[in-house]
Structures are given as C-alpha cells and as structure tokens.
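Here the protein sequences line up with chains V and U, keeping their order. Our numbering puts the first sequence at residues 39 to 700. Our numbering puts the second sequence at residues 946 to 1090.
Hint data in this document are derived by calculation from the structure and do not stem from the laboratory. Each residue gets a CB set at the ideal place from its N, CA and C atoms; glycine is no exception. Worth double-checking, as some hints may not be accurate.
Looking from chain U toward chain V, a few residues come up when the C-beta cut is under 10 Å (computed) [to be verified]:
| # | residue |
| --- | --- |
| 1 | D970 |
| 2 | L977 |
| 3 | D982 |
| 4 | A1002 |
| 5 | V1010 |
| 6 | D1019 |
| 7 | H1021 |
| 8 | Y1042 |
| 9 | G1048 |
| 10 | V1052 |
| 11 | G1072 |
| 12 | K1075 |
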Amino acid sequence: MLKIGVFVCWCGSNIAATVDIDQVVAAAKLQPGVVMATGYQYMCSENGQSLMRKAVEEYKLDGVVICACSPRMHEATFRKNAQRVGLNPFMVEIANIREHCSWIHKDKEQGTIKAIALANAAIAKVSLNAPLISGESSVTKRALVIGGGIAGLQTALDIAEAGFEVDVVERQATIGGNMAKIDKTFPTLDCAACILTPKMVDAASHENIELITYSEVESVKGFVGSFKATIRKKARYVNEKTCTGCGLCMSKCPSKKSKNEFNLGLDNRTSIFIPFAQAIPNVAVIDPQSCIKLTRDKCGLCQSVCEVKAIDFTMQDEIIEREYGAIVVATGFKPIEVDAFDELGYTQNKDVITSLELERLMNAAGPTGGKLVKVSDGSHPTDITFIQCVGSRDCTSRGKEYCSKICCMYTCKHAMLIRDKYPDINVNVFYIDVRTPGKNYDEFYRRAVEDFGVNYIKGQVGKVYAEDGKLIVQGSDLITNEQIFIKSDMVVLASAIEPDPSAKKVASMLTASIDTNNFLTEAHAKLRPVESPTAGIFLSGVCQGPKDIPETVAQAGAAASKVIGLLVKNKLVTSPCIATTDELLCSGCSNCFNICPYGAIGYEDKLINDHGIRETRRIAVVNPALCQGCGACSVACPSGAMDLLGYTNKQIMAEVDAICKR
Amino acid sequence: MQEVKEFKPNIVAFCCNWCSYAGADLAGSSRLSYPADVKIIRVPCSGRVNPMFILKAFEKGADGVIICGCHPGDCHYNTGNFYARRRMTLLYSMLDYMGIEKGRTRVEWVSAAEGAKFSNVMNKFCGDIKELGECVKLGDIRCKD
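All chains, full assembly: derive it from the sequences and hints.
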C-alpha cells in the first residue's frame, strides 16, 4: 500500500474560517494508507512547500494530497514541488476545499463535513495513482494571428521581430481593422492614421510576416505546437500580385450605388473598390453582390481599362493549408446595433448618428472631407448632444451589462475636437458616470470641461424627437432633479461595443472558451490574462474584453511574448494523462477508433499471451502524440480495455465510493 | 417523541475540467452559495463519465447524480458532451426501468463563465432531490442508519 501524506491548507482564513482544519486532519489520518496529515497556514508559500518536501523525505511518502484551492490554481505548483524531492508529480492530488467548499458554505459544520468528504475522495484517488511520465511533442515554428487590426498587427510584428514567421489572416480586403476608421485618438489627439498606417506598412514589408487578406480560417485541427489550419482565401476577382492600385477601374465602374462599409454607409462606393486610400494590400477588390459583370454578365469595363490585366472574373476561392505552433485570436469588436433603442430615434432621424459615424464625418479622408455637417441636409450644426452608455451597463436584452470602457474617453475627445474646430457649436453630454481611469485621462476630461466648455449633464435621456426642424433631447438632470429639453441639430450615440460576431465561431473552432457576452475567456483573470485555457491559443485585443488602444497594444505585446516563449522551445512536454489499452481485454472492435475525435487510435496485430494461450490479435494502439486525454474511448469500450491514465475507471469509482460513504 | 431528522441528500456532481469545473470555481470565487450536499468529481470531459459511475454512485448511497459539461458545440474535445448527452438519454430509461426516478440524474451545460448558473443549477437540483427524498432502490440499506 502507498504511503500517503495529507496537507490541509488554511489559506489564511479563506478556508480556516468555514472549515475546521483540525477535524479534516484527524479524519484524514483515519483513512487507509495515510501515514501523516497536517494543517498549514499557506501551503503554496515557500514554507508550505518545504513542509511538503520534508514530509515526503521523512515519511518516504509515495502519494500526497493537498486540501487547498482549486487544482486549476496550484496543481502545477505542488506537482513541480513533488518533482523537486524526487516524487513523481502525478502522485499529487488536490482536494478543492476552497472554491468548492469554504467559499460557498457559511455553516462551519456542513463545510467541514464536505471538506472531509472531498479530502477522502482525493485520498482514495491518490492511493490508486501510478507514476506517469510526460511525453514530448515537437513545435512548428510559425504562428497564426486571426485578425489584422491593431491588436493582430502588433502581435504579429512582435513575434516577427523575435525571428519567427507569422501569418496574419484578415477577413476584410485590407488590414487595419476598426482603428483605421478612427479620426484622432485620446488622450494625445494625434491622428489614428499617423500611428496605424506605419504599422500596417511595417507588417506588410516584414520578411517574417505574410498577410493573408480577404480570407477566413475555416478549420483548425491539432494541438499546441502543431495546429493544422485551413484558410479560405476568397476570390477578389483581382490579381493581387499584378494590381498596382492605380484606381482607374474605380473611376470607370458604372455601378456606384453600394454602401461604403468603410464610411459606415455614409456615402457610396463602386463595385470594384479599394477600401480606403491607405489600404494594405493596396489592391482593388470586386464586390460580387453588386458587380454587373458577376451578377448579370454584362459590363466588364474595368477589365478592359485595366492596363496590367489584373482583373479576372473567373477567379475562384483558394484553400490554403498551413501548420502552426501557436494561434493568436485578435478578432476585435464592432459597435452594437442601436436600432433597438427606439426612443433615441436612430432609425427615424438621419441626424442621430453613432460615435463611429461621427468619427468618419470628422475624418479628413471621410465622406465630407472632415467638415462636420448635418447628415440630413449638409448644413452646419450649432448644437450637438452626446448620449453616453447607449447599450453599455444596460441589463435589458437590447444592451450589454458591461461597461464598454472606451466611450467616456472618445466622447470627451469628440466634444473637445468639435469645440476646438467650431467654437460656435454648443456641445452637451448626457452621462451616467464619467470613467477616466488611465494615464492622463482624467486631465483630458477636465480640459474638455474647463478649457473647452463642454456641458456635461449627469442623467439619462428618455427620448429624442424632431420638432420644428430641430431634434429635442428630453432627459433628466440628476443634479437639479429636473426634466430638461435640449434643442440639438445632431445627436451622437456612444454605442456599446461587443465582440466581433466571428469571435464565437473562432472560439468554438479553437475549442477556446467564451463568456456569456462572447468575449474569449482568459486562462486566469489575473495570472494568465493573454492565454486561453486551451494550450497554444492566445488572446490579443478586444476579443478578450473592452480595451482602448494603449491597452490593446500592451496586451498584443504580452500575447506575442507568450507566443515567442512557446515557439522558442524545441520540444513541449505533453500530458501523460492519455488513454491506454489493456491488451488482454481488447477485442479490436473499433468502438474507440470511431469515437476518438483526434484519430489517435490505430490497430496493430500483436502476439498476445492470454493466460498461456498465445495468439495474434488485433489490438487498439493509442498514439501518445495525438491523444489529448478526453477519455471518450474509455467509456465507449465495451470490454473495459481502454482506460484513461490519471482518471482511470478505478480512480473515479474510488472517488465516488469515498463521497457516497456516509 | 421521535426526533425528525432533516434529510441531507448526498449528491455527486461530475464536472468537466474545462467548462463546468471552472464554472464551479467561479461560483466559489464569486461566493455564490449552494448546498454543501453537492460534491464535485473532476473529470477531463463529460464524455468521460461512464454510466457505471452513476450506477455505482446510486449503489453506494447517492441520492442524486448530476453531470455538467461544456455547452453543445463548445466541448474542449469537440464532441465529448454530445456523447455524454446521448449516453445519458439511454441511461435515463434504464434507471427508470430500475425504479430510480428520472429526476435523480441530470445533465447540465455550464460554461467556465457561468458561476451564477452553476450555483442556480445546484440549488435547483438539491431542492428537487430533497423533494424526492432518499434513494433506496439501489442502495444497500444494511449500510444505512
């Protein structure tokens, strides 16, 4: 029988306040195989760890149970500690008596009973543990970045600078993402293009970066170190290599009625188009929905005027298959649809616009050449009202419960820019709270109020309606406790942001988890903020949660450093918790082969000595490099030949026994 | 007068490592309480749960068994939770045949971000099991007091 040591952590008062540690220790000592048990204030501290090491040596322990916080927190810590003293790391089991017990049960008696049951289950399991040896797998030294906005580009540049090859897959015809649409950035008021476009050029010209634009990742197979991705490169109908971006085709195209997505539909574009002047690649693309040649087989003007013969109407989608060691998700965000906010009249009044639309209206490269005019009649506005938190901090079904984080600052920026450029325009801002946590952010907000005379009104807006050629914003002023009616020429809605709709699909393709708002979840909120719980998948930018540009760039760099840390390794240690076959029981029925999602099971004819009978049998063989340890085969096996190391049938049964024992 | 002892059900919860176990952790770190009768066993995937484990639990005196996995389509191992669901559907009818009420077993999808859902699910399940009372069909009554 194994000699087991049990260590019960107080976790300060986190556990000790609702679990009687002495009782757990006393109960553990009664369990078969337990040769020592003790409590300690902080098992994860160096003192706690050395206590464990000393006990392993003193009592010659073969198994250790730590009753402490979640194994997701410190299992690795204690397993590494076991290794330091020569104990196989997989002879350590954790009983989760913090997250699953002391933190949720206020009654100390009940908490103690449960903690004892959980400790007993872990003791029962560890007594059936066997030492496991980790395997090794190779690393493909190439990274995939999904999304070519500022987050994806920064991550790609940082990885490329470290000497690894990176592919950036972007769904749109150009890289740049949302930041390319922005006019100026807070709190410095430098123009977004001036800081983004050089980065776009850097990425395009970097020898280690390949930009795969107008493409989507269709499927990803494999695991950390060796992912296989299938990328669909959509037909552009324009040869990327020969097109010079001269724009002649755009000037000749007769189909001019498509909404210009880049300007959020504020103006129109032709069917063959370059998304914006600084697009990379600076290559035209044909919109197959509106092109007269592709829809009705007429026209073809662009083809005849193109001097380099770049246009090819027969172009087909192309499938690219590549292998990667790591994948970074940088799918970004989109502003929510504000149509549902009926009372704010976005759909009824042309002069009610969203903040991103205002961004385009104020941009020198925008539909009005940077001149701020009313969308309805092109006249100069004299009163503009901003409405904050449209859909943010809104628990109804039309909004988002979270704070979108960037709106307070960009509204402040808009207000300031308008007052600076057009001092005759009165600017009012309705807000719930003004949130300015960030370097130089509150100073920026104070400047808007004190130096630029922006009128901030604490309160929410109930209604926006048209009256006598003006928009009336009806709201409550919480400071004066009055209903107010503000005449405006334009109303700007600070719409909440949400993850790009592709995030959900990408997450399930990568088996990375997402939260209820479709943001990708990090492996640990504080300690592993740029890693997904799925090994080899990293998170960059707003796909993980709302962020402004400085934070996005910082996180993108952090994600890149994690990727570099992975790619620099020649071998990865793989989990030894994989399926195994009992050759005497296996009948070669193929059930396991059929259920395995990784194709990790094959068959071999093996000479078996079954209690003296020697015969050749077809036996299932698990490929340790492919097996991910899900255990599906162990349940599908009708003869019980397949088992999962680390979570064997016997171990789980022993846990069930221990828990059910009264 | 005989003392009426409050019935404390014994509930086993199998939680997959990637979603539900993390959801339970989140319930813990958010201090969202549920009855201490629920004890969690960590498995790599809901597809790892062999129906034998459930029968074993009832045999050993469990009053309810719940399996929690990732939402359909979100399984870390792609398909494990689909198999779990199908397998459990078959097991329901077998348990029914054996006289174990359908409400004593349940499959729930709880993601890593759904701490509140985990707590709600467990509160509800515990309440339901309390109403059903002790499970005596499979259990060895000689072992009980």
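Tested hints:
1. Residue-level restraint check for U:D970 holds (minimum Cβ-Cβ distance to chain V is 4 Å; threshold 10 Å).
2. Against a cut-off of 10 Å between C-beta atoms, the interface hint on U:L977 holds, since the closest Cβ of chain V lies about 7 Å away.
3. At its closest, the beta carbon of U:D982 sits 8 Å from a beta carbon of chain V; the interface hint therefore holds under the 10 Å criterion.
4. The beta carbon of U:A1002 is positioned within 10 Å of a beta carbon in chain V (closest approach about 5 Å), and the interface hint is therefore held.
5. Because the beta carbon of U:V1010 sits about 9 Å from the nearest beta carbon in chain V, less than 10 Å, this interface hint is met.
6. The closest approach between the C-beta of U:D1019 and any C-beta of chain V is roughly 6 Å, which is under the 10 Å cut-off, so the hint is satisfied.
7. Nearest Cβ of chain V to the Cβ of U:H1021: about 5 Å, under the 10 Å cut. The hint holds.
8. Interface hint status for U:Y1042: violated, as the beta-carbon distance to the closest one in chain V is roughly 20 Å, over 10 Å.
9. Residue-level restraint check for U:G1048 is violated (minimum Cβ-Cβ distance to chain V is 18 Å; threshold 10 Å).
10. A hinted interface residue such as U:V1052 counts as satisfied when its beta carbon comes closer than 10 Å to some beta carbon of chain V; here the least separation is about 14 Å, so the hint is violated.
11. For the restraint placing U:G1072 at the interface with chain V, the shortest Cβ-Cβ distance is roughly 16 Å, beyond the 10 Å limit, so the hint is violated.
12. Among the interface hints, the one on U:K1075 is violated; its C-beta lies about 14 Å from the nearest C-beta in chain V, farther than the 10 Å criterion.
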